Amino acid sequence: MTSFLRSDRSRPVAIWLFTVAVFVFGMVVVGGATRLTDSGLSITQWKPIMGALPPMSEAAWRANFELYKQIPQFKLVNPDMTLEAYKGIFWWEWAHRLLGRLVGAVFAIPFVFFLIRRMIPRRLIWRCAVMLVLGGLQGLVGWWMVSSGLSERVSVAPERLMTHLGLALTLFVVLIWTGLDAWAGSPRIEERSAWRGWALGFLGAVFFQSLLGALVAGNDAGLVFNDWPLMNGALLPDPYLGNGFWGTIAHSQGAVQLHHRLFAYALFAAGLAIGVLTQRARHLPSEAKVVGLVVAGVVILQAGLGIWTLMAHVPVWLGVVHQAGAAVLLAVATSFAWRVRRP
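Heads up, the sequence shown is in our numbering, so the first residue is 1 and it goes up one at a time.
Hints are supplied without guarantee of correctness; some may be wrong.
SDA-like, lysine to any residue: derived pairs with alpha carbons at most 20 Å apart [as the list claims (entries may be wrong)]: (1) LYS289 x LEU180; (2) LYS47 x GLN70; (3) LYS47 x ASP80; (4) LYS75 x ALA52; (5) LYS47 x TRP61; (6) LYS87 x PHE23; (7) LYS69 x SER151; (8) LYS69 x TYR86; (9) LYS47 x ALA105; (10) LYS87 x ARG117; (11) LYS87 x ALA105; (12) LYS69 x ILE49.
Treat the hints as calculated values from the structure; they're not laboratory data.
All values reported here derive from a predicted model rather than from experimental measurement.
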């Protein structure tokens, strides 16, 4: 038992945190499918407890459909939608919300158990408590996002979608990092090399690129400028400018896609550099070198997926795979940043 539990390490706790991270990954994937199928506004009420049950009768289905008919998305985009078609988009949003509830339970119940058993390393308790708060906040942010599309818009506000995804990915990163800390224990010596800063910078860049991707999704910007490397045959999109500064960076289809492309090029170069330079670093642990190669490999795959997704006009399955790839890259970048801190 001592090999699995010690004052600064608990591998059962690590397995729990990694399991929750897998659930959050599932949330990100299902959330991407919900957005790509325009299903996010199908449930127009927020019922944290009673909403866990889907409609159980034909009358209940019709009541939910009538609520959907009152919002702009139905009136302006789907006026001919049938009840059967509505059920198709309803199940995506319901599954997304149900998975959110499951994530809460999978985190909160073991958290209380491990606290009572005093199995969580003391230095990690506060981090776990913060994650519990973040998980609860995510539900509120999710409804805040949905509410933006219920009165004046036919879809959710892109900046609110970005906030919702950003909070999920923040939780994802902290879960992985804390799980690694729980598995390995505190480092006896912390690495102070230049790789520490570069690895954290790359992790931040991957996170930022994911947020730019959320703006692309929120503006349906993947459905325009579907050639590559040019944009409708030009270097710059026309139009680029939106209504003011915020309208440009958050709401202009041309601008958000261009920003996502340009930052992807920088991220691609940085990922390749990590793959090459880690192999030449003399004092870097062999495990860090392996993760560096994985970083480069995932960056290459994700870049290819992004180009394919764009030029194919974002079919749902490919858009979901691309979003899943972003989460995988974030997980690998997190592992790399964590590993280079340890000699």
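**Request:** Please work out if LYS47 and ALA105 have their alpha carbons no farther apart than 20 Å.
**Result:** 17 Å, holds
**Prompt:** Under the criterion that the straight-line Cα-Cα distance not exceed 20 Å, is the pair LYS87, ARG117 satisfied?
**Reply:** 44 Å, violated
**Asked** For the pair supplied as a hint, LYS69 and SER151, is the alpha-carbon distance within the 20 Å limit?
**Response** Holds, at roughly 12 Å.
**Message:** Hint check: LYS289 vs LEU180, CA-CA at most 20 Å. Holds or violated?
**Reply:** Given that 20 Å is the threshold and the Cα spacing comes to 17 Å, the pair holds.
**Request:** With a cut-off of 20 Å on the C-alpha distance, tell me whether LYS75 and ALA52 pass.
**Result:** Distance ~27 Å between LYS75 and ALA52 Cα, so the pair is violated.
**Prompt:** Within a Cα-Cα threshold of 20 Å, do LYS87 and PHE23 meet the stated pairing?
**Reply:** 24 Å, violated
**Prompt:** Between LYS87 and ALA105, does the CA-CA distance stay at or below 20 Å?
**Reply:** Not OK: LYS87 and ALA105 at ~26 Å, beyond 20 Å, violated.
**Message:** Holds or violated: LYS47 and ASP80, Cα atoms, limit 20 Å.
**Reply:** 27 Å, violated
**Asked** Going straight from one Cα to the other, do LYS47 and GLN70 come out at no more than 20 Å?
**Response** Within the cut-off at roughly 18 Å; holds.
**Prompt:** Between LYS69 and ILE49, does the CA-CA distance stay at or below 20 Å?
**Reply:** With a Cα-Cα distance of about 24 Å, the restraint between LYS69 and ILE49 is violated, given a limit of 20 Å.
**Message:** For LYS47 and TRP61, compute the direct alpha-carbon distance and say whether it is at most 20 Å.
**Reply:** 16 Å, holds
**Request:** Given the hint that LYS69 pairs with TYR86, test it: the Cα-Cα distance must not exceed 20 Å.
**Result:** Within the cut-off at roughly 10 Å; holds.
Comparing the model with each numbered hint stated earlier shows that hints 3, 4, 6, 10, 11, 12 do not hold.
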